[in-house]
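Here the protein sequences line up with chains A and B, keeping their order.
Position one of the first sequence corresponds to residue 1 (the UniProt record's numbering), numbered consecutively onward.
Position one of the second sequence corresponds to residue 1 (the UniProt record's numbering), numbered consecutively onward.
Derived from the structure by calculation, the hints contain no laboratory data.
Everything numeric in this text was worked out from a predicted model, so none of it was measured.
Every residue gets a Cβ at the ideal spot worked out from N, C-alpha and C, and that includes glycine.
Check before you lean on any hint, since a few could be wrong.
Just a sample of chain A residues kept apart from chain B, beta carbon distances all over 12 Å, derived [claimed, not checked]: (1) A16; (2) R41; (3) A66; (4) E105; (5) P199; (6) L201.
Some chain B residues close to chain A (C-beta under 8 Å, calculated; not the full set) [unchecked claim]: (7) P27; (8) L29; (9) N48; (10) L49; (11) L168; (12) L312.
Protein chains: 2
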Amino acid sequence: MNRDALPTIDDIRAAAARIALFAQVTPVLRSDVLDALTGARLHFKCENLQRGGAFKFRGACNAVWALDDDQAARGVLTHSSGNHGNALALAAATRGIAAHVVIPEGAVRAKVEAIERAGATVHRCAPTQAAREVMAAQLQRETGAVFVHPYADVLVMAGQGTLALELLHQAPGIDALMTPVGGGGLATGVAIAAHALDPTLVLFGAEPAGADDAARSLALGSRVTTVVPDTLCDGLRALVGERNLEALRAHRVEVITVSDEETVAAMQLLWRELKVLVEVSSATVLAAVLKRPERFAGRRVGVVLTGGNVDLAALPW
Amino acid sequence: MNRDALPTIDDIRAAAARIALFAQVTPVLRSDVLDALTGARLHFKCENLQRGGAFKFRGACNAVWALDDDQAARGVLTHSSGNHGNALALAAATRGIAAHVVIPEGAVRAKVEAIERAGATVHRCAPTQAAREVMAAQLQRETGAVFVHPYADVLVMAGQGTLALELLHQAPGIDALMTPVGGGGLATGVAIAAHALDPTLVLFGAEPAGADDAARSLALGSRVTTVVPDTLCDGLRALVGERNLEALRAHRVEVITVSDEETVAAMQLLWRELKVLVEVSSATVLAAVLKRPERFAGRRVGVVLTGGNVDLAALPW
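Next up, chain A with everything else stripped away, as it sits in the complex (with noise of 0.2 Å):
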């Protein structure tokens, strides 16, 4: 399998499939006063409240459930100090496999202790990019555990697109649909979902303004490597890969950018509104919503709130 692929609406279907048993049907929740202040009609699709309080369960657990035996006996194995770490070490613990998870240092103890707590094995190493791809390497070279990207990865994109398959399900007649943008495993995942069962489904992607590399490269038709992140959503912080890059653009996904502050106030008003307490980057997407409001006036859109992961004793106001 080529594992560096966009999947298939198939790929997609089958890990429906898989995860069918493990993972959360969650919830689809509406709130008359956001409608009011967007003019649109919204649908939140509460990852927050999937398995491991994120999305990334999804795709973690299509990874680990499509290894063969022999595969799944020598584990899996990631590098991430945040949900897609301990989504892996959740989906492993599925299977009863090994994960190998590679974490920088000065990663929140929180999430640490949850990845922990879920029975996988962490690796620490120097908080740097080189540090963890060296240690991953030479993790799998002694473990020969199956490396799982947090967005690239072709199983994980199409795990992530459940959530379309499920949310077009729950909540019939929607006719557009916003996702955060990070990597753009999500996006990816989403939008080739959303377009196998309704072609004319508008799409929109969500960016802090801070880490906006994909709304750059959609409008320069090239890939951007240079931006430096600078935003507080950290879920949001990673480059576009290539392939998710070729898939926003081959889905015309509308990529609205939006300021640190926007976001935090978004996020309040998810509190304040609906209850449910969303990550920082989780509530760009009713940011993005609010800023440009004409692109959403009348019609019926999914957005998706990724994660609940909140560190409630540094809540960003």
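Knowing the structure of chain A, use the given hints to seat chain B on it.
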């Protein structure tokens, strides 16, 4: 209509029909980690995601829509600085009628603001029960508004009972149900609805040790009114109503008391494992399961998370 009577299952079904257009069908969440911790299979009914952030909207909405047009024209009235006041304000707005909410000085500002945002008229009074009642009576004389009691009103109890109809539909096969017990409106409605559908269901209540009047009243066989509430659980400080107590006894509701420490730990656990942030009062149910695991082991238990109106700036840890 005798507003002091207990509701029947027909009243509860009528309530379900009345509120269907306005109330959210709240999700039911599960957690393998919490199941493993408790030895039970827990189904969390997330009324924290109900409109207004609490189950109270069900009862208030039923009370508002059961009014005939003449009554409705005069509006509704209650005294509450908490979720019932907010729920009644929101319910009145769905019918476009006036709501008057008597609120004692010193009430949490965020709650008062929410009530005002919903369009209700807030009337301030001194922070005593007597002052509340005097002002409510005066307003009733002046406006002719219908008084809607937070838990002793038959329409309110019927509205709260709709939650059990919904939960038993969403999670068939449940063999036990638990709610927190304050005034007892929720526990009463749920008991009547649940036993009408399945007389073999085992019913539990959770009560703070510092406001254990229902537990004491059931043990003693008569209503104890001497308890002076001393608990963080602000939603559960009311004395259980007379009719409510009668219903708890008739339906053999077993009330388990828990300390505030146990409840706060359960609140943290709910946040960590389910990513739902609930009011401290709501966490009593998980605290009760953890305290008396032998009562729940092997059971499929529906537990009601009653509200999510948490002040993020004043978490109880």
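Hints, verified against the model:
1. A16: holds, 19 Å
2. R41: The claim stands: R41 of chain A keeps its Cβ more than 12 Å from every Cβ of chain B (closest is about 15 Å).
3. A66: holds, 21 Å
4. E105: At about 24 Å from chain B, E105 of chain A clears the 12 Å cut-off, so the statement holds.
5. P199: holds, 30 Å
6. L201: holds, 24 Å
7. P27: Holds, about 4 Å.
8. L29: holds, 6 Å
9. N48: Interface hint status for N48 of chain B: holds (5 Å vs cutoff 8 Å).
10. L49: Since chain A brings a Cβ to about 6 Å from L49 of chain B, closer than 8 Å, the hint holds.
11. L168: violated, 18 Å
12. L312: For L312 of chain B, the interface hint holds, since the closest Cβ of chain A sits about 6 Å away, which is under 8 Å.
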